[in-house]
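Generate coordinates for the entire structure from the input sequences, incorporating the hints supplied.
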Amino acid sequence: RFKRDPANRGRIIQEGLWTWTRHPNYFGEATLWWGILLVGLGSPLGLFGLISPLTIAFLLLKVSGIPMLEAKYEGDPEFEAYRARTSAFFPWPPRRQSGGQPPTRTPE
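Numbering (my numbering), first residue to last: 749 to 856.
If you're looking for bench data, these hints aren't it; they were derived computationally from the structure. Check before you lean on any hint, since a few could be wrong.
Under the rule of at most 20 Å between Cα atoms (straight-line distance), these lysine to aspartate or glutamate pairs were calculated in the EDC-like manner [what the hints assert, rightly or not]: (1) K810 to E777; (2) K810 to E822; (3) K751 to D824; (4) K751 to E826; (5) K751 to E818; (6) K751 to E763.
In structure tokens form, the structure reads like this:
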């Protein structure tokens, strides 16, 4: 719905899961791979399964995922305010803005 609304063109989604984390899809991807590791630990070679979640987490956090996407929006005042109050990866309650004000919400 957000992307289909022409009024949101060029804007950053800050509703729903994106209130708690800037990249809920990346967190979900990493969680999936950690879950697969847990399932495979019962196998004699299960520790080899550690390679996948570590690789995915590294790529998403340091190489291709978050750094590349956020570089695209760097310098945008709306994004910088969003970045200041929202966790990059782990879902976490939004930080309060300076002055103890609750986070601002975009009108729906």
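TODO: Mind checking the alpha carbons of K751 and D824 for me, to see if they're no more than 20 Å apart?
DONE: holds, 18 Å
Open item on the list: Hinted pair, alpha-carbon criterion (20 Å max): K810, E822. Please report holds or violated.
Closed with: holds, 16 Å
Open item on the list: Run the distance test for K751 versus E763: straight-line Cα separation, threshold 20 Å.
Closed with: With Cα atoms ~12 Å apart, K751 and E763 stay inside 20 Å; holds.
Open item on the list: Just to be careful, I want the Cα atoms of K751 and E826 compared with a cutoff of 20 Å; is the pair within it?
Closed with: Given that 20 Å is the threshold and the Cα spacing comes to 17 Å, the pair holds.
- [ ] Could you grab the alpha-carbon distance between K810 and E777 and see if it respects the 20 Å cut-off?
- [x] Holds, because 15 Å separates the two Cα atoms, which is no more than 20 Å.
Task: Given hint E818 paired with K751 - CA-CA distance at most 20 Å - done: holds, 18 Å
Hint check: no violations occur; every hint is consistent with the structure.
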